[in-house]
Amino acid sequence: MDEQAGPGVFFNNNNNSVLPGAKAPQPGDGGDTARAQYSIPGILHFLQHEWARFEVERAQWEVERAELQAQIAFLQGERRARRT
1 MDEQAGPGVF FNNNNNSVLP GAKAPQPGDG GDTARAQYSI PGILHFLQHE
51 WARFEVERAQ WEVERAELQA QIAFLQGERR ARRT
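Here our numbering is used: the first residue of the sequence shown is 1, the next is one more, and so on.
None of these hints come from the bench; they were simulated from the model. Heads up, some of the hints might be wrong.
For each label pair, taking beta carbons as the anchor points, the in silico distance ranges come out as [said to hold, decoys possible]:
1. Leu47 - Gln69: 28 to 36 angstroms
2. Arg58 - Arg83: 35 to 43 angstroms
3. Ala66 - Ile43: 33 to 41 angstroms
4. Gln76 - Ala36: 52 to 60 angstroms
5. Trp61 - Arg83: 32 to 40 angstroms
6. Arg83 - Glu62: 42 to 50 angstroms
7. Arg80 - Leu47: 46 to 54 angstroms
8. Ala70 - Tyr38: 28 to 36 angstroms
9. Tyr38 - Phe74: 49 to 57 angstroms
10. Ser39 - Ala73: 46 to 54 angstroms
11. Gln71 - Pro41: 40 to 48 angstroms
Glycine residues also receive a C-beta, built at the ideal position from the N, C-alpha and C atoms.
Start from the sequences, fold in the hints, and give me the full structure.
Given below as structure tokens:
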């Protein structure tokens, strides 16, 4: 995962999506030349970065879920101990 990549890598100042390695539209450009020029390496980098970010978020969610389940189990055991 690219630690240097931040939101500025994928978005220009107008919050329009721009892939890394792509030519962002420039003011004053006309017609078709104003469109971003995407490259295969840029697209692959973007997809790999997003996939890695997704996997990190999923792993964090699973850890949080396991912690909450353990806390619930502990509290349920504590509640049962008070009843007896």
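*Could you say whether the range 49 to 57 angstroms given as a hint is met by the Cβ separation of Tyr38 and Phe74?*
Once the Cβ atoms are compared, 51 angstroms apart, the range 49 to 57 angstroms for Phe74 and Tyr38 holds.
*For the pair Arg80 and Leu47, does the Cβ-Cβ distance stay inside 46 to 54 angstroms?*
Holds, since Arg80 and Leu47 (Cβ atoms, about 49 angstroms apart) stay within the stated range.
*Could one say that the CB atoms of Arg83 and Glu62 fall in the range 42 to 50 angstroms?*
violated, 32 angstroms
*Go ahead and decide if the range 28 to 36 angstroms is satisfied by the Cβ distance of Leu47 to Gln69.*
Check passed, 32 angstroms falls within 28 to 36 angstroms.
*Falls inside 40 to 48 angstroms, the C-beta gap from Gln71 to Pro41?*
holds, 45 angstroms
_Given a hint of 32 to 40 angstroms, does the C-beta separation of Trp61 and Arg83 actually sit inside it?_
holds, 33 angstroms
*Falls inside 33 to 41 angstroms, the C-beta gap from Ala66 to Ile43?*
With Cβ atoms ~35 angstroms apart, the hint holds.
_Given the hint of 52 to 60 angstroms, is the C-beta distance from Gln76 to Ala36 inside that range or not?_
Hint holds: Cβ distance 54 angstroms, inside 52 to 60 angstroms.
*Could you tell me whether the CB distance from Ala70 to Tyr38 stays inside 28 to 36 angstroms?*
This hint is violated: roughly 45 angstroms between Cβ atoms.
*Status of the given 46 to 54 angstroms range, CB of Ala73 versus CB of Ser39*: holds, 51 angstroms
*Taking the CB of Arg58 and the CB of Arg83, does the distance hold inside 35 to 43 angstroms?*
holds, 38 angstroms
The structure shown violates the earlier hints numbered 6, 8.
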